[in-house]
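K.L.:
The chain contents come next:
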Amino acid sequence: MVADIAFWLPLIILVPLLAAIGAFLFPRHSFRFAFIGTLVTAAVVFGSTGLLWQDKEVARHAVGGWGAPLGIDMVLDGLSMLMLLLTAVIGLAITSYARGYFLPKNNSSESWHQYNYFWPLWLFLWAALNALFLSGDLFNLYVTLELLGFSAVALTALVRKPAVLKAAMRYLLVSLSGSLMYLLGVVFLYAGYGTLDIALLGAVATNTPELVAAAALITVGLVMKTALFPFHFWLPPAHANAAAPVSALLSALVVKGSFYILLRVWLVALHPLADTFIPQLLSGLGMAAIIWGSLQAMRQTQLKMLVAYSTVAQLGYLFLLIPLLLRGRGDDIAPLAGIVIFLSAHALAKAAAFLSAGNLLYAVGEDRLSSLDGLTRKMPLTLAAFGVAGVSLIALPPSGGFIAKWLMLNVALEHGYWWLMIVVIGGGLMAAVYIMRVMSHLFLEARGHKSDVKPLPLCMSWPPFGLAVLAILLVFTGVLVTDMLVIGAPWLLEVAP
Amino acid sequence: MTAGRGFVLLLIVLLVLVLAGIIALVTPDKARLADLAIANVPQSGVLNPVTAVLLNFRGYDTLLEVAVLFLAIVGIWSMARHARVWIKIPDTPVLVVFVRLLLPLMVIAAGYLFWLGADFPGGAFQGGAVLGGMGVLWVAAALWQPPASFRRLLRPLLSLGILAFTTVALLTLFMGYNLLQYPPAQAKTLIIIIEGAAVLSIGATLTLLFIGGFPKKRED
Amino acid sequence: MLESTQLYAIAGIVLFGMGLYALIVFPHLLRKILGMNIMGTGVFMVFVAIGYRGLDELPDPVPHALVITGIVVAVCATGLALALATQIGIKTGTARLTPDVEEDDGS
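Residue numbers (the numbering used here), protein chains in the order written: chain A, 65 to 561; chain B, 151 to 370; chain C, 68 to 174.
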């Protein structure tokens, strides 16, 4: 039983869920539950990665014993394993960081309230993400999306300032409308094809009006939740104003959840529409996102707002290759590898950036760029973390961002998509501009600098640095990622009986 | 009607027309899951097909849904530390007397709905909704005066449903079955256990959703 | 002449559209939340409508079960949204996100 990977799949979801319940039931011990929950979940995920690497075949767990289409299947293939792994790694960093960030220094009941509620909400978020990445059923994905959205909004609203609450409200409304559009799309699919299982849909889908309507609805719904231009308006206020560990989670993982579903649905169920205009439109919007997001990032005067707009821009890259990805569909793994490595590098680097920004805020009390001058000597690890993360965000070699963009450029070149290359390179240049702006402030020697810089606890200084280093190390993982992604590709044309 | 609103209205009208046209033309006799589900009902442990789908075939969805209910309370309590329950003590005694009469009847109705759900329309959510309605009336009639000891019981009460569900789920997993795969002989018992715990949690959750925060003692 | 099930499905889509309009256009938070609710109801109505299999057959139980789940999730969403809106009302004195500006559909 222990060596059977299908046994562990439900635990990947149930462990953080139970830890969340425990953290809520026993507020005085909330961190203990979070600590143990984090370690056990990470262990199960790492173990499953090893088992999957050994087996080299897709793992399915038919919940309830019935199997699709009557029941719900949990599916673990290379793509979902990589997402789970990414979440676990970032999760370890977040639990450590949040311990230091939220731990009350004064004994105010407000601080203890925030501290006690962060843990169950964070663990719920993790459980939701894991459930999302493992799900093989369209309606199940809807429920996981809602679970994810609610925990993300509640985490955002932990900071009780009016601007943050308004940003959280916008986020909630956008999230809910996105989910409902997605659900209506699922209804159309069920009406047309009589099944909710993604793999089965892939086997029977043909180019009918129901499929097109469903594709449009699902795509718009998920794109709203992934903050693709022009639905990005809710992201910068929410990500910038939330507490630092929450911002890291939102930018690194939460928006990637809806993007993953988009990938999954298009790769498997909507493949008859691969040559229509919808993928091209997504690619075009991605380009617009890169340009618009980078331009706005260059204009910002506050660090977290700059990093948030950078997320808007970087999310655009994910959509650039979608037309090529769908046409290749299992014959050519390179577009998917490029997207996945980019996604992972961005997640790690962006989380590192937000956590460093949190450290700077913690130390100095504000995050206006001009007030960050001259902190090099006081907080070397944090500055190194931001710097290294910046290297990956600009995609300088050697870094995960670099290898991802390299893969993307290669694919674009192969297919003669010159404009993609121009946008990718241009986006990189613009990223260099705004990242360097931050660095110039950080590494500037200021005359007459303030001396009251609060010291950082260790649990807050290592996570951003660790994550940034991992973003760099991704440069060596090209082959590993490709081999992992092959597990399960070409996507699921044979179905469980 | 400003230009912005007009533009949005136009887009939405177009969307509705297209979608309505498509859904109206979908041929109704495409094979759906109905036959498969109804055929498997005898193995599910209950007679009501909807309950079979909800608690057996697609029990995982229901587990996550109970988690969503729980999360909603955690989220609301994290946002609103203390409830602002703007309850005015009713001027006339009619509401209070009526509610006092109604409450025990609603408890019985809720229990009956829950019990009935195995074989006829009904079930945990329906019973829980009635309990929730009862709670709302109770609060609205300003009869809600929980002593401190009751408020300490709230968290366990709220987690009863999700804990029962996850316990049964883990049990099936560790006994060698798939997650939530009930052994056919015990299927009905397990479903009743899950539903019973869920009824109480759902009722409490809905009432607390109405209150909108952690209830504090009503000041005069 | 339309069958009744088609009529209900179309009505569901219309509700969806009305809810979406309200969500986007009206600045008051309570109206947005109500709009979101109506959107959800519309989707559920379409779902149930397509489960109809004729007068002599049992309806498809799967949409019914999924709609029960959906209703519960929508209730939770409404509760969460109302709590957040209440907090915004308390902290800012108004129940509008941007008091004088209407939001259009996305940019």
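In short, the hints are calculated from the structure, not lab data. Watch out, some of these pointers could steer you wrong.
[To be verified] Which bits of chain C does chain B cover? Going by a derived footprint, with three or more residues having C-beta under 8 Å, they are:
| hint | stretch |
| --- | --- |
| 1 | 82–89 |
| 2 | 94–106 |
| 3 | 110–124 |
| 4 | 127–134 |
[To be verified] Per label pair, the in silico range of CB-to-CB distance:
| hint | chain 1 | residue 1 | chain 2 | residue 2 | range |
| --- | --- | --- | --- | --- | --- |
| 5 | A | Pro-461 | B | Leu-159 | 25 to 35 Å |
| 6 | B | Leu-160 | A | Arg-92 | 52 to 62 Å |
| 7 | B | Leu-321 | A | Met-500 | 29 to 39 Å |
| 8 | B | Leu-321 | A | Lys-518 | 30 to 40 Å |
| 9 | B | Leu-304 | A | Lys-518 | 35 to 45 Å |
| 10 | C | Thr-165 | B | Asp-269 | 48 to 58 Å |
| 11 | A | Glu-174 | C | Glu-70 | 52 to 62 Å |
A virtual CB, placed ideally from N, CA and C, is assigned to each residue, including glycine.
K.L.:
With a C-beta cutoff of 8 Å, work out whether three or more residues of the stretch 110–124 of chain C approach chain B closely enough for the coverage to hold.
P.N.:
holds (count 6)
K.L.:
Given the hint of 35 to 45 Å, check if Leu-304 of chain B and Lys-518 of chain A actually sit that far apart at their C-beta atoms.
P.N.:
holds, 38 Å
K.L.:
Just tell me: holds or violated, for the beta carbon distance of Pro-461 of chain A and Leu-159 of chain B against 25 to 35 Å?
P.N.:
violated, 51 Å
K.L.:
Within the assertion that chain B covers the stretch 94–106 of chain C, do at least three residues meet a Cβ-to-Cβ distance smaller than 8 Å?
P.N.:
violated (count 0)
K.L.:
Do the Cβ positions of Leu-321 of chain B and Met-500 of chain A conform to the proposed distance bound of 29 to 39 Å?
P.N.:
Violated, since Leu-321 of chain B and Met-500 of chain A (Cβ atoms, about 57 Å apart) do not stay within the stated range.
K.L.:
Evaluate the given range 52 to 62 Å for the C-beta pair formed by Glu-174 of chain A and Glu-70 of chain C.
P.N.:
Holds: the Cβ-Cβ distance is about 58 Å, inside 52 to 62 Å.
K.L.:
Using a Cβ cutoff of 8 Å, are there at least 3 residues of the stretch 127–134 of chain C near chain B, or does the coverage claim fail?
P.N.:
holds (count 6)
K.L.:
Count the residues of the stretch 82–89 of chain C whose CB lies closer than 8 Å to any CB of chain B, then report whether that count reaches three.
P.N.:
Answer holds; 4 residues pass the 8 Å Cβ test.
K.L.:
Given the hint of 48 to 58 Å, check if Thr-165 of chain C and Asp-269 of chain B actually sit that far apart at their C-beta atoms.
P.N.:
holds, 53 Å
K.L.:
Within 52 to 62 Å: is that where the Cβ-Cβ distance between Leu-160 of chain B and Arg-92 of chain A falls?
P.N.:
holds, 56 Å
K.L.:
Go ahead and decide if the range 30 to 40 Å is satisfied by the Cβ distance of Leu-321 of chain B to Lys-518 of chain A.
P.N.:
Given range 30 to 40 Å: violated, Cβ gap about 49 Å.
When held up to the earlier numbered hints, the structure conflicts with 2, 5, 7 and 8 and fits the remainder.
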